[in-house]
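Chains as they are written, first to last, in the working numbering: chain A, 1 to 401; chain B, 1 to 401.
Just so you know, the hints here were simulated from the structure itself, not pulled from any lab data.
Computed from a predicted structure; not experimentally measured.
Hints may contain errors.
[Stated by the list, open to error] Computed list of lysine to aspartate or glutamate pairs in EDC-like fashion (alpha-carbon distance at most 16 Å, straight line):
{"#": "1", "chain 1": "B", "residue 1": "K2", "chain 2": "A", "residue 2": "E384"}
{"#": "2", "chain 1": "A", "residue 1": "K2", "chain 2": "A", "residue 2": "D239"}
{"#": "3", "chain 1": "B", "residue 1": "K398", "chain 2": "A", "residue 2": "E313"}
{"#": "4", "chain 1": "B", "residue 1": "K2", "chain 2": "B", "residue 2": "D115"}
{"#": "5", "chain 1": "A", "residue 1": "K298", "chain 2": "A", "residue 2": "E314"}
{"#": "6", "chain 1": "B", "residue 1": "K2", "chain 2": "A", "residue 2": "E85"}
{"#": "7", "chain 1": "B", "residue 1": "K298", "chain 2": "B", "residue 2": "E281"}
{"#": "8", "chain 1": "A", "residue 1": "K298", "chain 2": "A", "residue 2": "E313"}
{"#": "9", "chain 1": "B", "residue 1": "K398", "chain 2": "A", "residue 2": "D239"}
{"#": "10", "chain 1": "A", "residue 1": "K2", "chain 2": "A", "residue 2": "E384"}
{"#": "11", "chain 1": "A", "residue 1": "K298", "chain 2": "A", "residue 2": "D270"}
{"#": "12", "chain 1": "B", "residue 1": "K2", "chain 2": "B", "residue 2": "D239"}
[What the hints assert, rightly or not] Only some residues are given here: those of chain B computed to face chain A with a beta carbon under 8 Å:
{"#": "13", "residue": "M1"}
{"#": "14", "residue": "W234"}
{"#": "15", "residue": "P235"}
{"#": "16", "residue": "R238"}
{"#": "17", "residue": "P358"}
{"#": "18", "residue": "A361"}
{"#": "19", "residue": "D365"}
{"#": "20", "residue": "N366"}
{"#": "21", "residue": "T376"}
{"#": "22", "residue": "G378"}
{"#": "23", "residue": "R380"}
{"#": "24", "residue": "L388"}
{"#": "25", "residue": "K398"}
{"#": "26", "residue": "Y399"}
{"#": "27", "residue": "G400"}
{"#": "28", "residue": "A401"}
Glycine is no exception: its CB is placed at the ideal position from the N, C-alpha and C atoms.
2 protein chains.
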Amino acid sequence: MKLDRLGALAQPTDRKVLLFVLDGLGGLPMRPGGLTALEAATTPHLDELARAGTCGLHEPVGPGITPGSGPGHLALFGYDPLVYETGRGVLEALGIEFPLESTDIAIRANFCTLDGSGRVSDRRAGRISTEEALPLAERLDSIEMAGASCFVRHVREHRFVIVIRPDEPVAADVDDTDPGRTGEPPVDPHPRNEASAVAADLMRSWLGHAGEVLADQPVANMVLLRGASSRPAWPLFRDVFGMRASATAAYPMYRGVASLIGMQATAVPDGAANLVPAYRELVTDFDFSFLHFKSPDKAGEDGDFDRKVAVIEEADAIVPELMASGPDVTIVTGDHSTPALLRNHSWHPVPFLIHGGPARADAADNFGETACRTGTHGLRRGCELMPLATARAGRFAKYGA
Amino acid sequence: MKLDRLGALAQPTDRKVLLFVLDGLGGLPMRPGGLTALEAATTPHLDELARAGTCGLHEPVGPGITPGSGPGHLALFGYDPLVYETGRGVLEALGIEFPLESTDIAIRANFCTLDGSGRVSDRRAGRISTEEALPLAERLDSIEMAGASCFVRHVREHRFVIVIRPDEPVAADVDDTDPGRTGEPPVDPHPRNEASAVAADLMRSWLGHAGEVLADQPVANMVLLRGASSRPAWPLFRDVFGMRASATAAYPMYRGVASLIGMQATAVPDGAANLVPAYRELVTDFDFSFLHFKSPDKAGEDGDFDRKVAVIEEADAIVPELMASGPDVTIVTGDHSTPALLRNHSWHPVPFLIHGGPARADAADNFGETACRTGTHGLRRGCELMPLATARAGRFAKYGA
Numbered sequence: 001m002k003l004d005r006l007g008a009l010a011q012p013t014d015r016k017v018l019l020f021v022l023d024g025l026g027g028l029p030m031r032p033g034g035l036t037a038l039e040a041a042t043t044p045h046l047d048e049l050a051r052a053g054t055c056g057l058h059e060p061v062g063p064g065i066t067p068g069s070g071p072g073h074l075a076l077f078g079y080d081p082l083v084y085e086t087g088r089g090v091l092e093a094l095g096i097e098f099p100l101e102s103t104d105i106a107i108r109a110n111f112c113t114l115d116g117s118g119r120v121s122d123r124r125a126g127r128i129s130t131e132e133a134l135p136l137a138e139r140l141d142s143i144e145m146a147g148a149s150c151f152v153r154h155v156r157e158h159r160f161v162i163v164i165r166p167d168e169p170v171a172a173d174v175d176d177t178d179p180g181r182t183g184e185p186p187v188d189p190h191p192r193n194e195a196s197a198v199a200a201d202l203m204r205s206w207l208g209h210a211g212e213v214l215a216d217q218p219v220a221n222m223v224l225l226r227g228a229s230s231r232p233a234w235p236l237f238r239d240v241f242g243m244r245a246s247a248t249a250a251y252p253m254y255r256g257v258a259s260l261i262g263m264q265a266t267a268v269p270d271g272a273a274n275l276v277p278a279y280r281e282l283v284t285d286f287d288f289s290f291l292h293f294k295s296p297d298k299a300g301e302d303g304d305f306d307r308k309v310a311v312i313e314e315a316d317a318i319v320p321e322l323m324a325s326g327p328d329v330t331i332v333t334g335d336h337s338t339p340a341l342l343r344n345h346s347w348h349p350v351p352f353l354i355h356g357g358p359a360r361a362d363a364a365d366n367f368g369e370t371a372c373r374t375g376t377h378g379l380r381r382g383c384e385l386m387p388l389a390t391a392r393a394g395r396f397a398k399y400g401a
Numbered sequence: 001m002k003l004d005r006l007g008a009l010a011q012p013t014d015r016k017v018l019l020f021v022l023d024g025l026g027g028l029p030m031r032p033g034g035l036t037a038l039e040a041a042t043t044p045h046l047d048e049l050a051r052a053g054t055c056g057l058h059e060p061v062g063p064g065i066t067p068g069s070g071p072g073h074l075a076l077f078g079y080d081p082l083v084y085e086t087g088r089g090v091l092e093a094l095g096i097e098f099p100l101e102s103t104d105i106a107i108r109a110n111f112c113t114l115d116g117s118g119r120v121s122d123r124r125a126g127r128i129s130t131e132e133a134l135p136l137a138e139r140l141d142s143i144e145m146a147g148a149s150c151f152v153r154h155v156r157e158h159r160f161v162i163v164i165r166p167d168e169p170v171a172a173d174v175d176d177t178d179p180g181r182t183g184e185p186p187v188d189p190h191p192r193n194e195a196s197a198v199a200a201d202l203m204r205s206w207l208g209h210a211g212e213v214l215a216d217q218p219v220a221n222m223v224l225l226r227g228a229s230s231r232p233a234w235p236l237f238r239d240v241f242g243m244r245a246s247a248t249a250a251y252p253m254y255r256g257v258a259s260l261i262g263m264q265a266t267a268v269p270d271g272a273a274n275l276v277p278a279y280r281e282l283v284t285d286f287d288f289s290f291l292h293f294k295s296p297d298k299a300g301e302d303g304d305f306d307r308k309v310a311v312i313e314e315a316d317a318i319v320p321e322l323m324a325s326g327p328d329v330t331i332v333t334g335d336h337s338t339p340a341l342l343r344n345h346s347w348h349p350v351p352f353l354i355h356g357g358p359a360r361a362d363a364a365d366n367f368g369e370t371a372c373r374t375g376t377h378g379l380r381r382g383c384e385l386m387p388l389a390t391a392r393a394g395r396f397a398k399y400g401a
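The following block holds chain A by itself, in its conformation from the complex (with noise of 0.2 Å):
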């Protein structure tokens, strides 16, 4: 459903709404027939929620695709991600928590190495270390040129962001820069419509004084741009779904792409635990909380089951406080699964529980992949979730008469 087809329903009452993201929640079984993380855990709060809520499965995006964690996370806000598309310079800089304005053209830069006939020998000067290259970047910020403010923000090792503040609002559908690969010159940034056209000049500008500022350095000597995009002007989520919201998070992507659709961002030091006192403090003046937990999403990457496990029931010791604090409708799920055995995020899809509300009965009686199979929701896209928990909340009316 369309998100301004859901805000003509939006209505106003005092139930509080929680989302309880432990990211990359979703597993496989180490071997065939085994139970997954969520399975293995001792989660006796989240399967009381089970029993007493109900279950289903998710695909953030879609079949056999494998959700980055913009996308994931947009789903689970109710945003399809394949309407919803963020550029990855503007991902870049919400991860570093550049506060983007709405203006603003985010890049995704590589420091490079071009030898003597200008061609690029090197697409990541050497992987060129954080120590050398924070200097650099630093001197790079210094830029200042006509038509628009920049900044350059350090990231890691040959990696940083640029930002180009426009005097004037511009499209920023530009080509890359980088070729791709070496032995070739750097592509000149090529505006993809007419109204890009002002952007490339500006990059083009913004090249050429890089070049100079690193003239005289023998590896990082110019400079690759990537994923040019513009903070995007997408509905707000509390014009879609009639809530104030705000977003907690450790990380800060996952606070910036709250922030793109206009939650009030929190952050807190890394651990289940901390959001508890966050969650108590916010949940007064906001009627909808995002809570990230960001530990299973690490432990399956790093491929540690066990950890995995322990992370989960970590989250489950927060579950009572944050049910004594009052949320009238609770979800909790992942933005996608990172099984431990494929040491990544993967395709599969996740478990989801939704307590409180008016519901149906449920044959999931505990927390996992496979009770949320039997669960009365079934297979759903992710996006729909939050309109899932907002009639729970009745805070959608009626559509049509």
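Start from chain A and add chain B according to the hints.
Then chain B, alone, in the frame of chain A:
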């Protein structure tokens, strides 16, 4: 998910995917509470694949929609048949294995009878026999006219195919000339848009020549045209899924549909056993192999439940040899249901299994309609099977950062 967006995710590996289609596989019990043909068949090898793999049911087109062979197979190839519609003329030409070129206009044609006043008195020329119709079609094949080459190929009884190959590429959205009932004159070939005006002129011109050729005939004295269409310019399978693809089938229709999306087609004699040596030969050079087995559909259309059971067992018998030839991920399914009870294609969901690659445990412990209902995939659209199998072969990169 749009095919060009899948294509952007495709990444190379050496893992092979096999699609083994038992045409018309799905069925119904002959009496309430009974078994389907697939359930009644003794299929130890397919049951083992179902047990070790994951199962589900799919609807090739949509709920309640009975698929033709073209849409059914397009869905299995990952192409939504509601988006990728093939003209009937093209399908008819593929069905007789006419080597269509990209600019060809293919048209289904009937011999008909006109009365003295030019009105259609029999839309099928008395269902003229193949023996009588064949020489008439050969005479029509010799028609020459300005602006195009023309070909006529007889199909069966009153039916044949006309292919017009214009000197310059043109659109071919032209109305049928069949008035749909007797007592009316044939309809003028009317272009549905400006770009199709030339095609309409060519069809009108061809009809003028045909009228002269058939003027001496007492019964088959004219031709009615339907389903004018061009070979569609669809995304190629290798660009969508990143796999070099082969199609092996005894019947030209299935090779033809596969060739529309760039699969390399191989003809084999009818019968499951003939697929094995063909697959052994193709599996080294191709990443994806489609094997087509026609017999279950024919038995279903004949209303012969017992023969359908027998030919499904014939298919089961080749499974060990196929699996020994080294597919990493295997789909076994049908392109639609053909219940012997109905003697026809039907809309009932089709059982499928996917074997190989990382997957969750699955309750389905045999290959049948009832067991597949309990499988981990639930009810899917037919075009979702290919993305799921491609993911399991590790051939899709992550979507978004």
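Exercise for the section: Provide an ascending list of the numbers of those earlier hints which the structure does not satisfy. Expected result: 1, 3, 4, 7, 9, 14, 15, 16, 19, 20
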